[in-house]
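Novice: Chain A is fixed; fit chain B onto it per the hints.
Sequences listed follow chains A and B, in order.
Start counting the first sequence at 1; every next residue gets the next number (the numbering used here).
Start counting the second sequence at 1; every next residue gets the next number (the numbering used here).
All clues stand as given, with none of them false.
One copy or two, it doesn't matter: identical chains are merged, so the pair holds either way.
Straight-line Cα separation of at most 30 Å, DSS-like style, residue types lysine-lysine; simulated pairs: (1) K284 / K342; (2) K272 / K354; (3) K273 / K342; (4) K342 / K272; (5) K273 / K354; (6) K273 / K108; (7) K356 / K272; (8) K273 / K356; (9) K284 / K354; (10) K412 / K336; (11) K136 / K47; (12) K33 / K47; (13) K263 / K388.
Calculated from the structure, these hints are not laboratory results.
Here the structure is a predicted model, which is why all the values come from computation and not from measurement.
Protein chains: 2
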Amino acid sequence: MQNLKQYIADNRQRFLDELFELIRIPSVSSQSKHKDDMRQAAEQWKKILLAAGADRAEVMETAGHPLTYGEKIIDPSLPTVLVYGHMDVMPVDPLNLWHTDPFEPVIKDDKIYARGADDNKGQAFMHAKAFEYLVKHNLLKCNVKFLMEGEEEIGSPSLPAFCEANKDLLKADVILVSDTGMIAPDIPSITTGLRGLAYWEVEITGPNRDLHSGLFGGAVANPINVLAKLIAQMTDENGQITIPGFYSDVIEVSAEERAMMAKAPFNETDYKKAIDVAELSGEKGYSTNERTGIRPSFDVCGIWGGYTGEGAKTVLPSKAYAKISTRLVPNQDHEKIAILFKEHFERIAPNSVKVKVTTLHGGQGYVCPIDIPAYQAAERAYEKVYGKVPVPVRSGGSIPIISAFEEILGLKSILMGFGLESDAIHSPNENYPLQQFFNGIETITWFYNYYTE
Amino acid sequence: MQNLKQYIADNRQRFLDELFELIRIPSVSSQSKHKDDMRQAAEQWKKILLAAGADRAEVMETAGHPLTYGEKIIDPSLPTVLVYGHMDVMPVDPLNLWHTDPFEPVIKDDKIYARGADDNKGQAFMHAKAFEYLVKHNLLKCNVKFLMEGEEEIGSPSLPAFCEANKDLLKADVILVSDTGMIAPDIPSITTGLRGLAYWEVEITGPNRDLHSGLFGGAVANPINVLAKLIAQMTDENGQITIPGFYSDVIEVSAEERAMMAKAPFNETDYKKAIDVAELSGEKGYSTNERTGIRPSFDVCGIWGGYTGEGAKTVLPSKAYAKISTRLVPNQDHEKIAILFKEHFERIAPNSVKVKVTTLHGGQGYVCPIDIPAYQAAERAYEKVYGKVPVPVRSGGSIPIISAFEEILGLKSILMGFGLESDAIHSPNENYPLQQFFNGIETITWFYNYYTE
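Excised from the complex, chain A in its bound form:
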């Protein structure tokens, strides 16, 4: 492994060129106009894997967007690492807030700016390059399988069935994933917990057409007024979610563990400054890291209804809509929560409106033990590259498929993430620092070294 750093340095421009080729494919999984782009991204991953040294790679069908599977089997009796990543990205709206084209990557201030630069094209691509190095230098001492899916950003609806149907193909000892972050460039961390997710769209219908707000206002329920009241009722003055039974399966984290969590570096002033808010807000009795790490949350992700154009239109609208999500903690079941919300929301709505609740997607939370060999190999790899033992942290994000992997394939996932909070994933001007990209390749390569010692 002596020439690893040199190899990365020598191939720097080629690695970026190859990544940019992938990024340029606008693979937005949630928008039907990008259906063909999803297939193109899968084909591109096939090329990437074969070029990196896979014995076999193919685009495989699912009920939804296709995925790419690849492998290099050295010896079936050796351990097998299954690398998981996703080729799909979030929508780019609001487009006008991007400083450059989201699908034409540019390097500025030593960062790659593009949709998917971090999440997850940039991070998944590091695995292909670590694998390439190991294969080229005959240093690979285990089998490697790659599973690159195209529906992560819409909750991986087809992948569980694919896993059920392909258990033999996906047989492995551990799953390796880079789709999370670390605390800071100088504070490496490994995510050991993920929140689950339940996500709905609600539609409130008042009168059958938009009415004149003067002639009808005050006598006919306004669906926006009603929607606001319903949303407002979903959380109480302590920032707790009011859906009956919502917290039933939440396991309270012990005072001891909370004390450990409190040691993780956190600067409230910097945190507030970075997002420009005067005050933080959340569930009473919990710190910011606890609020995102070990407690559920309730967020309206979008809302619309009535007149939203220029000027004033005095209308009592017919419809109002919202996209509503909750983040769940391990042991909460997203399917149970989906039903609890729907029933509660419909029950508390007044008879003066009609309510339709559609569950859009969901996923379970996840916890990774820190005493398994794969976790410890990851720990050593970070220490080798970053000079510090990584901190185990609970992330507020969700990767619904991670808990599905555990359930279906019986495998734990090691979440070796290299994203930073400033990467603006899911937002305009998503970016990924070059240093994290190249350090990531190096760290992943070391993971294989320690894991197969």
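Specialist: Then chain B, alone, in the frame of chain A:
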């Protein structure tokens, strides 16, 4: 006046052709892209008035869109009627709900379908044709002035100053307006009260960019969640508005007057069926007609924020917006209410967000006495054409300029409206029944007859 009906019948197609020419001008006053259309509408009205028999008509400038003034002065010592109407229309969104082009009028089931068919091109145009009949047959026994403005749908921001500056030009004895409705085709009514209006846009800013709802959700205030809470707090469980001081100037209507109002025909089953709602909703202790006629109301006319596209995007948005209106009753001052709302809304907002409240427009309420000669002439005119004495009613709508006319010009307005509830004004598929259009021309002509007897 014996040949009045015949004259209308003989000129039926020409009247419609002329009206349609006016309707085809997309004079949406609130949208800057229609600025030139506003001027074209004003030029069109100049043509209409000169063709109908005005001695003089001209397009006059205001601080905003131009207006059209026209007159026929027979003898300065005779009484003068000032006809007021507006050439501007509401926006047409949501366009996809229109069955035909909003600016290409069609006749279907004996109704004219188009934006402005009723409000206010159709109704205002009736006055031009009544005037034409009287001039052509030498039956006009008073002076007539026309004032057609282009900013009614945005709250007539420039007209008060125009009136202040042109008091002599607009000198009259009474104002005649057709911009309201009647109860039903067989139940004529005259509007004797109008609600006032105050209208705001609010902007809630949370973090400086859209955030990942997993990584930040629960720890950072979500501007949509906050906006919903703020809107929800604006009304209480009794349907009353909670802004401190909001009801201070509301005059309670006497039990006697309420008993009179209760005699107006109202069929709750039909009313609910027409707009397809299972239950009506409003301030406790008041009937539907009272809720829209003598009580203020609070309506969110539009709301937007976050992700509103296809599928699920897990985002904690940076911004949320709403367009909020209140209808006011006579004696409430819209300027005072505008300040009360703004102060209250800003005060109750949490420090975790920034709030911006912009007042978009407003207008005072209005009451017309039923014992003045002009009202009585109108009453006789309706009785002549519809066969029944019209019912005096309080409308829930607002025509902000009507109270301004009273204040600046010292004139009462007679609200001779011919619209029907089914006309869908401000909504997709606005329409105006041909019968109301032609009966309106006839009724207005009889008004002049009785007023100058």
